[in-house]
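Protein sequences, first through last, are from chains A, B, C, D, E and F. Residue 2 is where the first sequence starts when you use the numbering used here, and the numbers rise one by one after that. Residue 2 is where the second sequence starts when you use the numbering used here, and the numbers rise one by one after that. Residue 2 is where the third sequence starts when you use the numbering used here, and the numbers rise one by one after that. Residue 2 is where the fourth sequence starts when you use the numbering used here, and the numbers rise one by one after that. Residue 2 is where the fifth sequence starts when you use the numbering used here, and the numbers rise one by one after that. Residue 2 is where the sixth sequence starts when you use the numbering used here, and the numbers rise one by one after that.
Hints are not guaranteed to be accurate.
Below 16 Å or equal to it, Euclidean Cα-Cα: the simulated EDC-like pairs (lysine to aspartate or glutamate) are [stated by the list, open to error]:
id, chain 1, residue 1, chain 2, residue 2
1, A, K282, A, E255
2, B, K183, A, E206
3, C, K186, D, E206
4, E, K104, F, E48
5, D, K104, C, D148
6, F, K104, D, E48
7, E, K104, A, E206
8, E, K5, B, D171
9, D, K104, F, E48
10, F, K183, E, D4
11, A, K305, C, D54
12, F, K282, F, E255
13, A, K183, B, D171
14, B, K176, A, D171
Honestly, the hints are just simulated from the structure, not real lab data.
Number of protein chains: 6
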Amino acid sequence: MSDKLKLFCGNSNPMLAKEICENLGIEPGQVHIQRYANENIEVQILENVRGADVFVLQTASPPVNEGIMELLIMIDAVRHASAARITAVLPYYPYARSDKKDKPRISIAARLMADLLEAAGVDRVLTMNLHSPQTQGFFRIPADQLDASPILCEYFRKKNLKNFAVLAVDAGRAKWAANYAKRLKLPLAILDKRRRSDVESAVVENVIGDVKGKHVAIFDDEILTAGSIMAAVDTIRKFGAGDVYAACVHPVLEGPAMEKIRASSLKELVITNTLPLPPQKQDPRIRVLSVAGLFAEAIKRIHKGESVSEIFE
Amino acid sequence: MSDKLKLFCGNSNPMLAKEICENLGIEPGQVHIQRYANENIEVQILENVRGADVFVLQTASPPVNEGIMELLIMIDAVRHASAARITAVLPYYPYARSDKKDKPRISIAARLMADLLEAAGVDRVLTMNLHSPQTQGFFRIPADQLDASPILCEYFRKKNLKNFAVLAVDAGRAKWAANYAKRLKLPLAILDKRRRSDVESAVVENVIGDVKGKHVAIFDDEILTAGSIMAAVDTIRKFGAGDVYAACVHPVLEGPAMEKIRASSLKELVITNTLPLPPQKQDPRIRVLSVAGLFAEAIKRIHKGESVSEIFE
Amino acid sequence: MSDKLKLFCGNSNPMLAKEICENLGIEPGQVHIQRYANENIEVQILENVRGADVFVLQTASPPVNEGIMELLIMIDAVRHASAARITAVLPYYPYARSDKKDKPRISIAARLMADLLEAAGVDRVLTMNLHSPQTQGFFRIPADQLDASPILCEYFRKKNLKNFAVLAVDAGRAKWAANYAKRLKLPLAILDKRRRSDVESAVVENVIGDVKGKHVAIFDDEILTAGSIMAAVDTIRKFGAGDVYAACVHPVLEGPAMEKIRASSLKELVITNTLPLPPQKQDPRIRVLSVAGLFAEAIKRIHKGESVSEIFE
Amino acid sequence: MSDKLKLFCGNSNPMLAKEICENLGIEPGQVHIQRYANENIEVQILENVRGADVFVLQTASPPVNEGIMELLIMIDAVRHASAARITAVLPYYPYARSDKKDKPRISIAARLMADLLEAAGVDRVLTMNLHSPQTQGFFRIPADQLDASPILCEYFRKKNLKNFAVLAVDAGRAKWAANYAKRLKLPLAILDKRRRSDVESAVVENVIGDVKGKHVAIFDDEILTAGSIMAAVDTIRKFGAGDVYAACVHPVLEGPAMEKIRASSLKELVITNTLPLPPQKQDPRIRVLSVAGLFAEAIKRIHKGESVSEIFE
Amino acid sequence: MSDKLKLFCGNSNPMLAKEICENLGIEPGQVHIQRYANENIEVQILENVRGADVFVLQTASPPVNEGIMELLIMIDAVRHASAARITAVLPYYPYARSDKKDKPRISIAARLMADLLEAAGVDRVLTMNLHSPQTQGFFRIPADQLDASPILCEYFRKKNLKNFAVLAVDAGRAKWAANYAKRLKLPLAILDKRRRSDVESAVVENVIGDVKGKHVAIFDDEILTAGSIMAAVDTIRKFGAGDVYAACVHPVLEGPAMEKIRASSLKELVITNTLPLPPQKQDPRIRVLSVAGLFAEAIKRIHKGESVSEIFE
Amino acid sequence: MSDKLKLFCGNSNPMLAKEICENLGIEPGQVHIQRYANENIEVQILENVRGADVFVLQTASPPVNEGIMELLIMIDAVRHASAARITAVLPYYPYARSDKKDKPRISIAARLMADLLEAAGVDRVLTMNLHSPQTQGFFRIPADQLDASPILCEYFRKKNLKNFAVLAVDAGRAKWAANYAKRLKLPLAILDKRRRSDVESAVVENVIGDVKGKHVAIFDDEILTAGSIMAAVDTIRKFGAGDVYAACVHPVLEGPAMEKIRASSLKELVITNTLPLPPQKQDPRIRVLSVAGLFAEAIKRIHKGESVSEIFE
């Protein structure tokens, strides 16, 4: 790999950055990130990057907003240090869920992030499994989106998938679940939750499709507080489901997520390392699959001008 | 309404423009659109627009690309004629379905349209029911999106909705259908079509949810060739459904659409006039609901600086 | 030629693109252009273009506006596929005649085209004989303009040019005609047409300069409906001219053009292939000169960083 | 006239600015323009312009480049002082003749001026008789172009125009001359100058059209060194012309211009005051027509949102 | 005050916002700022802002980076809600000290903030006492800078200023201190600290000017950790100074600041409320002067199009 | 050095350009700069620059504004001639002192220059000792700033620096002077000039620090009219100073500068060649140090992608 390829990372996921660099056979770029008493971040790039093909990695892990500012300042520093090209590597894209105006007078913050990245001087973006595929259209600069589905599917295919169904936890996730059901050649079920009428507060839960006596796999792009998934586990249990597995690309796992997961009857939770899993979140039932190899391959191809879509053929 | 509010329309939907103007109590702006022997379009605005709040209406009806060029040229003419503000009114947004990169090396053309509109000089956009809500994020300029669902729901509520279900023709449309099911307080069913296995070519059709003996309403944002909907009608008939209604906001109805609809057992097709319905597409079973009042109300509010979201409260 | 040089072409002039590629010793780039039932164009680039020096060829032949949209979408697809540089190759520049505001409140559409091309992501433009030389100033990006005059002059020099004159069909074309007259060392004549007075409708035709007993060559940058040229042929015949030749770079030849040409006493019409000549327009008196070699040479030089102006020294 | 309309002027043509202000019934805006020992210009706007509709007048009179910098700095000062809208009023547009790339690797400086004006913060431009009409397309912002032809024609119509012809001094000016010939209903003649052959250095002068025994009026957009016009006077004299008048919109009159004019047999030189006529250039045969009324009318209409093109109907 | 003037504030300094609104006689704009479990901020503007002149106030108080993101998202929400104009009101400008490249390959983050604000859609900025006056040049949009010096000076003038001197804590602050010395007509002294030689670590402190037996006032634009000021107090005590007062516009007071201040012999610390003073930082020796009136006056003038510089005349 | 590195220079400092080229081992690029009778500048680049790494040198020497226009036009010509990258080399940055808004409604012209350079098409800037370090933040493009201090210090270190002090001529220059004092390990003194009171016109001069019996060196970034420095020489003489040396990077030396210098008792004036020293300014007491080697080294490193900051380590 040319010495003109450099990867710098912020404080959000140094383990993933290190693993990607190992895959690429390079050392992570030397950078000094300082936080002054006034909370101002100073990023100093410690090596010459003139004419280099620079990748800057930051994922949207807590502290999220601190991490975004760190990323923007790092990009600005790299740009003014005369890098030839800057690619922001964002394994978990910040504000990915703020992708539409579902209330009056809010910001489509995922689009704003794209604008801020461009303002700071990013030339291209490399990310993974955006919450909606349309988000790729928020960028005027080229944006490559990697897909962790093959990694998750490969893992599930190794299990005995007899008598399994794929469950969408609500209608909005049906398309995503259907995609996995097709790849794994499993039937699809959808959870349909709604209030019985305006006067009653009771929620009627209904499973569209058949889960009785079946093991169930729930796939999602991200798990946040684990609320919907854990409620789904309870519901399908009542409808007679067997073992329940959950899998997601981006394990945000904030708020009561870990408490709920630990209290649940979930058989296994399969995640990737787009977000770091701090010690307090580690659990024997959680299985982490690495996306480092995939990112390294994509970075190598971007650097060499080779096709990225070919990876998924 | 101030004489500083002006609405010009291209050749795509003059009837709708006229109806909107009647609602607003104004005359459509005078414009001369000429097509020379070399197919070059010349747009001449025939009245002074300096300092005016100009709305330019064009919908994505055939000839679609001709219409886009006409729109861009009209906007450029209005801008250089010193309008104070230009709002593109796009009842059916062009290239709305090209909203994601589902194949390698294609254009997200819905985003490109936004870029072209901004390049031509549009200050804001007013549209209706984008194919995906994320498309609103393709605009850096303010973009208001109107929703025709209340108009369609109001029409259906007037029918006897006893023993009805709402059907999503595939998992990808489940969210949209669920929204209607909730508004109309009807149960939801989803059609799940897939190949039985790799070797067999046979498609297995399955209805997730219950339609037996029920009348069924299929809602979609647009109907293009009517292929999926007509296939769905056949399938649910086999599963014992009663009368089948279809409804959409944007009646594209191209290719074999009218032929299929006429040959089908569809009870009624409910559409709006975001796209014109030329004589050869008119049919006794097709019912057109007008969105002119809604657009007029939104234009009036935009012009006066009043809230548009309040319309939907 | 490096494998990093790629030329893709739209549907407007595949023969010219093929001929240019043959001159360059490369294969035209693989691209799939699809037109859906809703008339939406989808362009899929079928080969990797990351880091490539991509040329996208489209000429303004009918359907003109369809061709422009196809071009813009193709450019957007190439850009998001991470090409290193994109040059739009526009043998006949679209809307070239809309280069000034000769009526109130019209668009200078040739300038708008430049804006749209830049918005879509073009880095540079290569075109030929713009209707006015000022149009080159409509681009903020570098724009190379080729000149087909040497090709036309070389062809005429091979004829016996004794007793010839060059005719400008009106005062507005005098400069263009004078340029050819100087290159071919021939005298210049200008047709001056005007109404005798306000009350009379009669048009007085006058030839400024001498054509009596001379063969006449009429040069123009483009022939659209052939109206002015054919009228000129009749007039100068009355003034005693001998054989009349006409030549242009861009043979638009729309509307009654072919009918008029076929009915005329024109000796020969010399054109280039910047626009395709469909079978119904072919005629024994029409002579097509190819600009493919010139475009290939320019593309090669642009790709290699060699001077383009040197071609014309 | 509202107190929100303000006109500031640089050092290029304070008399014209004053006359325009008198027509508008306003006082010129207070501004202090200082030139320090290091030749740096400091512009201080001495009155509040927040929310004002500001017009900044500067014409391209010597020192031309000094004047351009003064203009750009004044615009920047006005913009940061929060004017609502800034219109650059440029009676004689700077670098108007640098409107095409007629040599390799030169700048189309007239386009660069447009870019610099936009970079400094101009919202719109008001100018008069650009050297080529295409130059209007160099602006992405709205640009109004006034025409002094009616003023010149009105003046000539008051003369006895019997036995007159209009002369174009070369083929490139034929279109401009033809326009005047038509307005004044006079015949057109064109001067055609060229070398007889490559070996001989002698220039053959030829008049296309008839000037013998006629009085001749030469119209041009600008007179620079008066070289072409004075040579034309001599030539047509030889061809038997009577009195010769010259007229132009922009009297640049630099280099040997005044010397040549004074030595010539020119009957009268008619100019406008888009450029100041310093005492050393004043001459009994020079007649200055004022464009102040026309500019004042245009500024009033721009300010009030009334049509500017109507002035010329 | 027109109902079209609206002021929204983030979480950084609601007390100041409230006080400014009271001065303006308006209610703070209704806004709902939510922080989800994934730390994503959602800002919903709860009232119609179409056509309004919106001011968004945020100061750089901890958590600083969280506050910047909140500000950018709020601006984006206001912009897409179609405000007529957005002014960011930034009493203490974020990253104000990162205004130069004093190390290789760092970001001039104060400039980046300006870029991000413009990218988010701000039309103008209102701030107070930037760390360097040049920072105003980081904005392409109009930026008004208020000065709290008159407020601080007015407070000090009320004291008995006999036998007082103004001290600059190092040469870099001499200009700022000299400004206060002139306004208060007091002599100036400068602290000059440096190492005696390269080998010795001892620092030689020297007071340039005379403080013996004098009371001393130290002025600064901001106090961060209070390190330099407290060291200065000790030093000048050794040099025989009497009472020591310190004053600054922006009381950042982070890290050991409060501890040092409480342990010091400082007579009084005078600050303003550009930053909130949380309970744990309050102290009997700290005197807070309000800038709310000044901000209210400036906002009123900006809204009404009146001069802001006049406030300081 | 690759033939793809080219340096073109305007008329401002051809000697420096020549010396830089000699250091780089290249010939200055061939360019023809013409000034027409109408004062319009035409720049023609006489050699192919496609794909070249072009440096354009211009310094802010008189005629300053003429030089800026020449520079902008040259950059535009190079850009449209398809250079790969354009670096403006500005040894003395134009309008460097206009870096803040110290009066109401003036332009921060140093920022405007940055905007104009970017508008013309510059990709990066290389300059030396900006009047304020913040000015570097005026550029969105990468801007390298060289420092001539080592060259000046090296020269002074060769003198016998015993019994020397460094003097700041006012508080505003204290920081700059302190920097030199530290580098040369000399004590610092500051001149403090002020009016005694409002009623008296007498100015009280005071030296903060000790100069009695010492030789004094005054350092500044630029000397304009030499007013402050010459006044300082007189003052410190009165306070008992010995020999007085002055040194600056940028010798503007306009207005009465040379007269004052020649009349003064200044021992030596040390300058660099960022600005040319025309014959009438040459003087035996003026010593010129060359920055050509430093610029050549920086250009070489920028071209090769090597670190520029390393030069100063």
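Hint check:
1. At most 16 Å may separate the alpha-carbon atoms for a hinted pair to count; K282 of chain A and E255 of chain A meet this at roughly 10 Å.
2. Restraint check: the Cα-Cα separation between K183 of chain B and E206 of chain A comes to about 14 Å, which is no more than 16 Å; the hinted pair holds.
3. At most 16 Å may separate the alpha-carbon atoms for a hinted pair to count; K186 of chain C and E206 of chain D meet this at roughly 14 Å.
4. This hinted pair does not check out: K104 of chain E and E48 of chain F have alpha carbons roughly 39 Å apart, beyond 16 Å.
5. About 13 Å separates the Cα atoms of K104 of chain D and D148 of chain C, which keeps this hinted pair within 16 Å; it holds.
6. Of the pairs offered as hints, the one joining K104 of chain F and E48 of chain D holds, with about 12 Å between alpha carbons and a cut-off of 16 Å not exceeded.
7. For the proposed pair K104 of chain E and E206 of chain A, the alpha carbon gap of about 61 Å is over 16 Å, so the pair is violated.
8. Taking the CA atoms of K5 of chain E and D171 of chain B, the gap is near 47 Å; set against the 16 Å cutoff, the hint is violated.
9. Proximity of K104 of chain D to E48 of chain F is assessed by CA-CA distance (about 12 Å); at most 16 Å being required, the pair is judged to hold.
10. Restraint check for K183 of chain F and D4 of chain E: not satisfied, since their Cα atoms lie roughly 58 Å apart, outside the 16 Å limit.
11. In summary, the hint linking K305 of chain A to D54 of chain C is supported, as the alpha carbons are separated by about 15 Å, within the 16 Å threshold.
12. With a CA separation close to 10 Å, the supplied pair K282 of chain F and E255 of chain F stays within the 16 Å bound.
13. Among the hinted pairs, K183 of chain A with D171 of chain B is consistent with the structure: their alpha-carbon atoms are about 13 Å apart, no more than 16 Å.
14. Of the supplied pair hints, the one linking K176 of chain B and D171 of chain A holds, its CA atoms being roughly 8 Å apart against a limit of 16 Å.
The structure fails hints 4, 7, 8, 10 (numbered hints given earlier, in ascending order).
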